[in-house]
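Keeping their order, the protein sequence lines are chains A and B.
Letter by letter, the first sequence follows residues 1 to 465 of UniProt numbering.
Letter by letter, the second sequence follows residues 1 to 465 of UniProt numbering.
None of these hints come from the bench; they were simulated from the model.
One thing to keep in mind: the hints can contain errors.
[What the hints assert, rightly or not] Quick list of the computed label-pair ranges, beta carbon to beta carbon:
| no. | chain 1 | residue 1 | chain 2 | residue 2 | range |
| --- | --- | --- | --- | --- | --- |
| 1 | B | Glu202 | A | Asn336 | 56 to 66 Å |
| 2 | B | Thr243 | A | Arg341 | 44 to 54 Å |
| 3 | B | Gln385 | A | Glu126 | 48 to 58 Å |
[Stated by the list, open to error] Examples of chain B residues toward chain A, derived with CB under 7 Å:
| no. | residue |
| --- | --- |
| 4 | Glu87 |
| 5 | Ser88 |
| 6 | Glu164 |
Glycine residues also receive a C-beta, built at the ideal position from the N, C-alpha and C atoms.
Number of protein chains: 2
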Amino acid sequence: MIRTIPARLKPYVIRQYLSSKAALSPTIKEQISAPTPIGSIFEVRGFVKSIRSSKNVGFLDISDGSTSKIINVVLVGKNQPKFQVGESVRVKGEWSISKGMGQDKELKYNPENPNHAYEIIGRVPEDYPLQKKATSMSFLRTLPSLKHRASTIGSFYRLRSFLETQMMDFFNHHSFIKVSPPLITSSDCEGAGETFEIKQAEEFFEKKAYLTVSTQLHLEAISLALNRAWTLTPCFRAEESKTSRHLSEFWMLEAEISYLDDLEPLLNFTEEMVKYATRRLVEKKEEYLEGTYLEKEVIESRWRHILGDWRRLTYNEALDELNSKGANLAFGDSLNLDHERELAENGPVFVTDYPVSLKPFYMLKSLNYSEDKPTVACFDLLLPQFGELVGGSLREHDYDTLVESTNKNNMNLDDMGWYTSLRKCGTIPHGGFGMGWERFVTYLSGHDNIRDLVPFPRAPGLCKA
Amino acid sequence: MIRTIPARLKPYVIRQYLSSKAALSPTIKEQISAPTPIGSIFEVRGFVKSIRSSKNVGFLDISDGSTSKIINVVLVGKNQPKFQVGESVRVKGEWSISKGMGQDKELKYNPENPNHAYEIIGRVPEDYPLQKKATSMSFLRTLPSLKHRASTIGSFYRLRSFLETQMMDFFNHHSFIKVSPPLITSSDCEGAGETFEIKQAEEFFEKKAYLTVSTQLHLEAISLALNRAWTLTPCFRAEESKTSRHLSEFWMLEAEISYLDDLEPLLNFTEEMVKYATRRLVEKKEEYLEGTYLEKEVIESRWRHILGDWRRLTYNEALDELNSKGANLAFGDSLNLDHERELAENGPVFVTDYPVSLKPFYMLKSLNYSEDKPTVACFDLLLPQFGELVGGSLREHDYDTLVESTNKNNMNLDDMGWYTSLRKCGTIPHGGFGMGWERFVTYLSGHDNIRDLVPFPRAPGLCKA
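Excised from the complex, chain A in its bound form (with noise of 0.2 Å):
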C-alpha cells in the first residue's frame, strides 16, 4: 500500500490570541543531533542525493543542507514508489541499525507498514543536471539558481557561516563593538579607488555618491567613540579584474583599535584572530570535511600553514630576501603576486613597513621612517599558495601631518574635513586592518576560486539574477 502525504498535513488555522507552540518542522542536522530512539517512527525532509539499489533493497541519500550528513532511507518490500535524484521528498519510517557498512543508522521504510509514509513534495525535469556527486565547479557557475544544492557549495556556506560566528565571539570577548558603517558614502577611502557611482544620487543626495571601496575611514570616526570597533560588511570595487581573487562585490572584516602606537600588539591581535577561527574548524573538521569533494590534503595543509609559526619581515628584508633567490628589486618596487607567494612559501609572513609611496594618505610613518627610505608602520600578511589575506596600518593621527599627506595625494581636503578633523577633537594614536571575507573563507575551504563561494557572484560581466 503506497500512502501519500497530502501537501498540507496540518489545517492551516490561525488560533487567535493564542501562541501555541507550532514549531517548524526539524531539520537533519536537528535530527542527528539529537536522534530518535532506535525503533520510533520519524520523517526526514530533503532532496534525493543519490539512489542505489541491490537485491531486494533500495538506498536512498537524503540531504537538506543543513549539515554535510546525510540520511539513509533505506526501503524495503515490495511496491516501492520511484524517486528520482533532485526531488524533494519526505519520508516517514523507523530508526533503525544499520546492516551494511558505513553509517550505523538508517531509516526503513516499507510500503506495507501502515506507520510509514512518503511524499514526493516537488519533482524535477528529466534534465535535471545535479545527476552526479561530483558535479564540476564550471559546470555548477552555468546554474546560478541550482549550484547551491551542490553538496561542496552547501560546504563553503556552512563553514562561512560558521567563521563568521567565530568572529563575532572573539571580538566580543576582546572587547570590540560590532558596527554599520555606510555603504553610500560621497568619501573615497583609497583616494584613487575604482568607485561604483550612484545614477540619481545628485537629484536624490543632492551630491555625488558611491559605493563604498573600504569602510575604514568611517570606522575610524566610530571606533575612536567606541575604543574598539570592528564590522562585517560589503564593499564594492569596479576594478576590471577577472581573476579567481577578485570580485565587484565581497565583504570585508574591518577593525579599527584606539590606544595603538605600535605595529607589534596589531600583529599579535590579527596573528591570534586567525588562529583563532582556524583552531575552531579544526575542532570541528569532520563536519566541514565529510561535506566537501575537494582535497582533504590540501585544506589540511592550509589549516597547519595558519596554526604553524608565521614570519614577520620589514618590506627592506623582504627585497633582501627576494632579490637573494635572484629578484632584482629596488625600494619604491611593488611586490608581485609571485613575489608574495615566494615569501610565504613555507608559512605565512608578515611584511612590514612598505615605502609611503606604496600606501594609501592616512598611514603613520614608520619609527624607522628616513628620507632616503620613507616607509609606513603597515603590514600586509600573506599566505602561501594564495598571496594578501589581510592588510593594515597605524593611522595618522597627527592634524598636521595628514592634511600634509591628503594635500601630497591631491585629495579634497573640503570633502575630508569630517575625517581629518577628529585630529584636532581629542585625537589618539589608533591603527587596524581589513581582510577580505571571502579569500579568509576561500583558503580555509581548500578551493582556489574566490567566486564559487559566493551566492550570486558580482565581477565584469558578471551579473546573473
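Starting from the known structure of chain A, fit chain B onto it as the hints suggest.
What follows is chain B alone, placed relative to chain A:
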C-alpha cells in the same frame, strides 16, 4: 612633580620570526570586568567626560565608549594639571576604595607620587561642541564626526552589537546558516520598488543593475538548498520618505525556512526570536540603561510590551475591530500608521491574511482564500506606538501559480526565470520574513528616530561624509 608620559612609551621594534605577547591596551570594559586589586597602580585611557572639584580635590569622569561605565579619577595633592572636557587622556594612579557617594572604586592620581603619571594625548579646541552631559539629538545630528562620542549614541551602538550577537546565537541554535545574498542585482524584488541604479552597470556588468531593496528572492534560492538560511544585510530604497522611520540605506534581518506549509509555526518562530533577544537584553539591562539619557520608563515599558502577550488577528478581524471604533474601512483598503498603532495599542499584534492586492507577487494564497475576499498567507508584526517591525509570508511554491502571479503583476518573466525555475526543480513549501534591523534596535533603545541609531544615516538630501 608633573610627569608627562611620552606619546610612544614602547619602542616600535618588529621582532623578526617571533610572535611576542605584546597585547592591546585594555579597555575600560576589560578593566572593570577584571578589576585590579585595591592599592595597585593602573592606567586608564579615555575621554574626559566631565570635570568637577570640591575643596582641595578634583574629579574627572573618564569614558572610552567600550562600556557605559566610567572610571572616576580623583585628583589629590597640589600642582594638578588642567584638563578639558573632550580631551583624550591617560592617567596612571592608585586603584582605591571611594570615600564619596555613588560609586565604590576610584583611581587616585597624585602628581607628587612618582609612580603616578598622566598624558593629555589629544587636546580639543576651545569650541569643542560636546560639553554638556545630555546634548540634544538635533544638535548631535549636526556633528557627523563627533556624535559617536555622546553617551546615548554610544549606548545605541553597544545595544545594536549586543542584539546582533543574540541573533547569531538564536539562529545558530535553530540550525540556520548565515548567508550573503547579493546587494547588486539585476532583479527587482518587490516588483515596484524605488531602487538606486548603478551608473556604470551597462558597461561593467553588460546589463542594468540596481541596489537590492530586499534580498528575499535570492535568499529563497539559497535557503531551499540549506533548509534554513538567514542574513543580516544592507538594503537600499530610493524612496522620498523624510520620516523618522525610514532610511535610504538600512540593514534587514531576513530568514527563509523550508518545509513550512502553515503560517502558525512561522509566527511562533518570529515571536520567539524577538522575545529571545529582548529577554537577553533585560538580563543585561543595567549596562544599557546606565548608558542612555533617554527616559528609562519608556524603555522598560517597551521591553515589557515585547515580553508580554501578543495578539493574532486576521486582516478581516482587524478591519472589524477598527470599524467598531469608528473607522470606515472596506476589504482591500490598506492600514495606515494610525490604524497599525491602534491595533497594537496594548501590545504587539500579528495581522495576517492581507488582501492579495496589497502584497507582492510571490505570496501563497491563504487557506481561506475566496474569490470575493482573496487573501494571502502573510503577516505584519505591529508594535505599540511604533507600527510595523516584521513582515513575512509563505511563498508560492507551485510553478504555474507563481508564473500566473508574475504575469498579473506585469513582471518580466525572462528576468525572473532564475527565481520561478526553482519551483520546477524539487520545489518545497517555504516561508520567511524580513525585519528592519534599525527599527528593532530603535524600538528596544527607547528612542524614536531611526536616523540617530545609525552612524552615518542616508536619506533624501542626507549623505554627510
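Checked hints:
| no. | hint | result |
| --- | --- | --- |
| 1 | B:Glu202 <-> A:Asn336: 56 to 66 Å | violated (32 Å) |
| 2 | B:Thr243 <-> A:Arg341: 44 to 54 Å | holds (53 Å) |
| 3 | B:Gln385 <-> A:Glu126: 48 to 58 Å | holds (56 Å) |
| 4 | Glu87 | holds (5 Å) |
| 5 | Ser88 | holds (4 Å) |
| 6 | Glu164 | holds (6 Å) |
In terms of the numbered hints stated before, the structure departs from hint 1 and from no other.
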